[in-house]
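Trainee: Given next are the chains, with one letter for each unit.
Protein chains: 2
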Amino acid sequence: MKKPSPTKDKVIQAAVNLFFQKGYHATSVRDIAKEAEINISLISYYFEGKQGLFEAIVIDHLETKLNLLQDCHGESFHTTIKKILYYKMDNYQLACFVHREMMIDSTFLREVLVTYIAKEDYLWASILFQVEDVSDLSYEQEMKLIQLKGMLQAPFTTPWNQRDERRTKDAKRYFVETYTAHINRCYGADSHQ
Amino acid sequence: MKKPSPTKDKVIQAAVNLFFQKGYHATSVRDIAKEAEINISLISYYFEGKQGLFEAIVIDHLETKLNLLQDCHGESFHTTIKKILYYKMDNYQLACFVHREMMIDSTFLREVLVTYIAKEDYLWASILFQVEDVSDLSYEQEMKLIQLKGMLQAPFTTPWNQRDERRTKDAKRYFVETYTAHINRCYGADSHQ
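Top to bottom, those sequences are chains A and B.
The opening residue of the first sequence carries number 1 in this note's numbering; numbering runs sequentially from there.
The opening residue of the second sequence carries number 194 in this note's numbering; numbering runs sequentially from there.
Chain A on its own, in the form it takes in the complex (with noise of 0.2 Å):
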């Protein structure tokens, strides 16, 4: 997803569309080409297929969140658990899907996640715990990590509780207002503020 092209951003919107609304074992390619217009070998010639188009996806949205995640360095628990919502909102289905697709063991998963999720990890400890290395937490604050990742991850993981009023733009924001405070509560303990 280097070079950004018109057809490229087309098949990745289609893909996730699709992925989203049917999973990935249950999507083809011939699908993807469908819903994005295009003519099926430009899937294979940008892709390699659509193994190929998956990992681009999921990398990128990984990727993405990941330099979210470093560039609130210094910024308050709070102010970063909100712009992590705030993309995630902006990015629903993508959200949705990548979530879902990481709970089936593979080979792509696992180079995912000793790269991107470990990093994540890292990056989350250091934030909430002024840790520097994931294996210093203690057995308690790696439970506290796992469930910060539950409530970061619930909006996307219950869909039937999004109601399609948060779809507005106010309503995004008063959902991430709201959804943010109690996070904050439960952790604000624990985070330098």
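Just so you know, these hints were derived from the structure itself, not from any lab.
Just so it is clear, CB atoms sit at the ideal spot from N, CA and C, and this is done for glycine as well.
Among the clues, some could well be false.
Said to hold, decoys possible - Covered, in the sense of this in silico footprint (three residues per stretch, anywhere, with C-beta under 8 Å from a C-beta of chain B), are these stretches of chain A: (1) 122 to 136; (2) 147 to 156; (3) 178 to 184.
Claimed, not checked - Simulated crosslink set (DSSO-like; lysine-lysine; CA at most 30 Å straight-line): (4) B:203 x A:22; (5) A:50 x B:243; (6) B:227 x A:50; (7) A:22 x B:227; (8) A:50 x B:362; (9) B:215 x A:119; (10) A:22 x B:215; (11) A:22 x B:258; (12) B:243 x A:34; (13) A:172 x B:312; (14) A:10 x B:215; (15) B:365 x A:22; (16) B:362 x B:203; (17) B:365 x A:119; (18) A:34 x B:227; (19) B:312 x B:365; (20) B:243 x A:22; (21) A:65 x A:50; (22) B:215 x A:65.
Given chain A, work out where chain B should sit, using these hints.
Mentor: Quick look at chain B alone, frame taken from chain A:
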């Protein structure tokens, strides 16, 4: 799944195992029959195929969780959380794959939502906020309920956080106790105890 039979149990165990590892769509009836070491025709006979088997497993899991929650009536929030976590840890693969598959929209999922999930939300609302009707929840309370569900999901939706050591009985107890303590701290002021 009303009449228990060794063959049915073998099929269910095999299906849970494969749905967990590979996902519903990537698992064939043939895979399940092979794993269960039974004749493929028995899956049609007992469950009317893969979808029927899947639905029977999901409904049984959701019913068990719901009964567990109902049986906790009068117990403290702390005890309720622990019982739910023990059940999910004892049925780890099942809990993981049901969370994942319930993220894909389908007619079956919608039916399940209006029955089991709505009832589950109602019970949590009553435990947490002493509210009789989920529609009486304030927006803040609704957000807290989503977050609680996220915390209860996280060990089963982020499998990479699971360590093998937690599978032993003592490790499981230590995990549940520690995991519950922080949830209790976040929600302590809201629930009766």
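Trainee: Are the Cα positions of residue 243 of chain B and residue 34 of chain A separated by 30 Å at most?
Mentor: holds (28 Å)
Trainee: Taken at face value, is the distance from the CA of residue 22 of chain A to the CA of residue 365 of chain B at most 30 Å?
Mentor: violated (35 Å)
Trainee: Under the criterion that the straight-line Cα-Cα distance not exceed 30 Å, is the pair residue 312 of chain B, residue 365 of chain B satisfied?
Mentor: holds (28 Å)
Trainee: Given as covered by chain B, does the region 147 to 156 of chain A meet the bar of three residues or more with CB within less than 8 Å?
Mentor: Satisfied; 8 residues make the cut.
Trainee: Does the structure keep residue 215 of chain B and residue 119 of chain A at a Cα separation of 30 Å or less?
Mentor: Holds - the C-alpha atoms of residue 119 of chain A and residue 215 of chain B are around 26 Å apart, at most 30 Å.
Trainee: Is the straight-line distance between the alpha-carbon of residue 50 of chain A and that of residue 243 of chain B 30 Å or less?
Mentor: holds (25 Å)
Trainee: Just to be careful, I want the Cα atoms of residue 34 of chain A and residue 227 of chain B compared with a cutoff of 30 Å; is the pair within it?
Mentor: Given pair residue 34 of chain A, residue 227 of chain B is violated - Cα atoms ~36 Å apart, limit 30 Å.
Trainee: Residue 22 of chain A and residue 215 of chain B were given as a pair; does the straight-line alpha-carbon distance stay at or below 30 Å?
Mentor: holds (16 Å)
Trainee: Check the hint pairing residue 22 of chain A with residue 227 of chain B against an upper bound of 30 Å on the C-alpha distance.
Mentor: holds (27 Å)
Trainee: Is it true that the CA of residue 215 of chain B sits at most 30 Å from the CA of residue 65 of chain A?
Mentor: Since the Cα atoms of residue 215 of chain B and residue 65 of chain A sit roughly 26 Å apart, the hinted pair holds (cutoff 30 Å).
Trainee: Holds or violated: residue 50 of chain A and residue 362 of chain B, Cα atoms, limit 30 Å.
Mentor: Violated, at about 42 Å.
Trainee: Would you check the hint for residue 10 of chain A and residue 215 of chain B, treating anything up to 30 Å between C-alpha atoms as holding?
Mentor: Cα-Cα ~29 Å, so holds.
Hint violations for this structure: numbers 1, 8, 15 and 18, all remaining hints satisfied.
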